Amino acid sequence: AQQLPGQAIKLTKDSKIRRVVLCSGKVYYDLYEEREKRGINDIYLLRVEQLYPFPAKALITELSRFRNAEMVWCQEEPKNMGAWSFIDPYLEWVLAHIDAKHQRVRYTGRPAAASPATGLMSKHLAQLAALLEDALGE
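Here the sequence shown stands for residues 1 to 138, where the numbers follow my numbering.
Please note that the accuracy of each hint is not assured.
[As the list claims (entries may be wrong)] List time: in silico BS3-like cross-link candidates among lysine-lysine, alpha-carbon distance up to 27 angstroms: (1) Lys13 / Lys101; (2) Lys79 / Lys123; (3) Lys57 / Lys37.
[To be verified] Restraint ranges, calculated between C-beta atoms of paired labels, are given here: (4) Asp88 / His124: 19 to 27 angstroms; (5) Ser122 / Lys13: 38 to 46 angstroms; (6) Thr61 / Gly119: 17 to 25 angstroms; (7) Ile60 / Thr118: 31 to 39 angstroms; (8) Thr61 / Ser115: 36 to 44 angstroms; (9) Lys16 / Lys79: 27 to 35 angstroms; (10) Thr12 / Ser122: 34 to 42 angstroms; (11) Asp99 / Lys123: 36 to 44 angstroms; (12) Ser122 / Ala96: 17 to 25 angstroms; (13) Ser64 / Gly119: 19 to 27 angstroms; (14) Pro53 / Ala96: 27 to 35 angstroms; (15) Leu120 / Asp14: 34 to 42 angstroms; (16) Asn80 / Ala58: 39 to 47 angstroms; (17) Gly119 / Asp42: 33 to 41 angstroms.
Quick caveat, the hints were computed from the structure, so don't treat them as lab data.
In this text, all values refer to a predicted model and were calculated from it rather than measured experimentally.
Every residue gets a Cβ at the ideal spot worked out from N, C-alpha and C, and that includes glycine.
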């Protein structure tokens, strides 16, 4: 997890992390800000900025710390766009390799759409709030 300047991440110990939210790009900052605002300390945010070649060894090392946690992929793009369809089978392979409790990664983000943008700021903000709740909520 990347620590933002001037802010301290005070997460619980690895064995108590209930969810790991993997993401790529600017949605990390939305997730980080919302997690801090809610005072959540048992959700680990992990940025995956290199998608190809897939960083299997690095993810095995990092995710093996959280074998019992739920794994979530969060993206701002619609489900049929962005990295989800590419990264899903690779993440499942990593989870099988580390013998994770949850063998599937759960998708959180916008539903599939024909356009990458909603066209309305109010709808965009509503969809962003929904994906943040899905990724960080109970």
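Hint check results:
{"no.": "1", "hint": "Lys13 / Lys101", "verdict": "holds, 18 angstroms"}
{"no.": "2", "hint": "Lys79 / Lys123", "verdict": "holds, 16 angstroms"}
{"no.": "3", "hint": "Lys57 / Lys37", "verdict": "violated, 32 angstroms"}
{"no.": "4", "hint": "Asp88 / His124: 19 to 27 angstroms", "verdict": "holds, 24 angstroms"}
{"no.": "5", "hint": "Ser122 / Lys13: 38 to 46 angstroms", "verdict": "holds, 40 angstroms"}
{"no.": "6", "hint": "Thr61 / Gly119: 17 to 25 angstroms", "verdict": "violated, 41 angstroms"}
{"no.": "7", "hint": "Ile60 / Thr118: 31 to 39 angstroms", "verdict": "holds, 37 angstroms"}
{"no.": "8", "hint": "Thr61 / Ser115: 36 to 44 angstroms", "verdict": "holds, 38 angstroms"}
{"no.": "9", "hint": "Lys16 / Lys79: 27 to 35 angstroms", "verdict": "holds, 30 angstroms"}
{"no.": "10", "hint": "Thr12 / Ser122: 34 to 42 angstroms", "verdict": "holds, 36 angstroms"}
{"no.": "11", "hint": "Asp99 / Lys123: 36 to 44 angstroms", "verdict": "holds, 41 angstroms"}
{"no.": "12", "hint": "Ser122 / Ala96: 17 to 25 angstroms", "verdict": "violated, 41 angstroms"}
{"no.": "13", "hint": "Ser64 / Gly119: 19 to 27 angstroms", "verdict": "violated, 42 angstroms"}
{"no.": "14", "hint": "Pro53 / Ala96: 27 to 35 angstroms", "verdict": "violated, 19 angstroms"}
{"no.": "15", "hint": "Leu120 / Asp14: 34 to 42 angstroms", "verdict": "holds, 41 angstroms"}
{"no.": "16", "hint": "Asn80 / Ala58: 39 to 47 angstroms", "verdict": "violated, 27 angstroms"}
{"no.": "17", "hint": "Gly119 / Asp42: 33 to 41 angstroms", "verdict": "holds, 36 angstroms"}
The structure is inconsistent with the numbered hints 3, 6, 12, 13, 14 and 16, although it conforms to all the rest.
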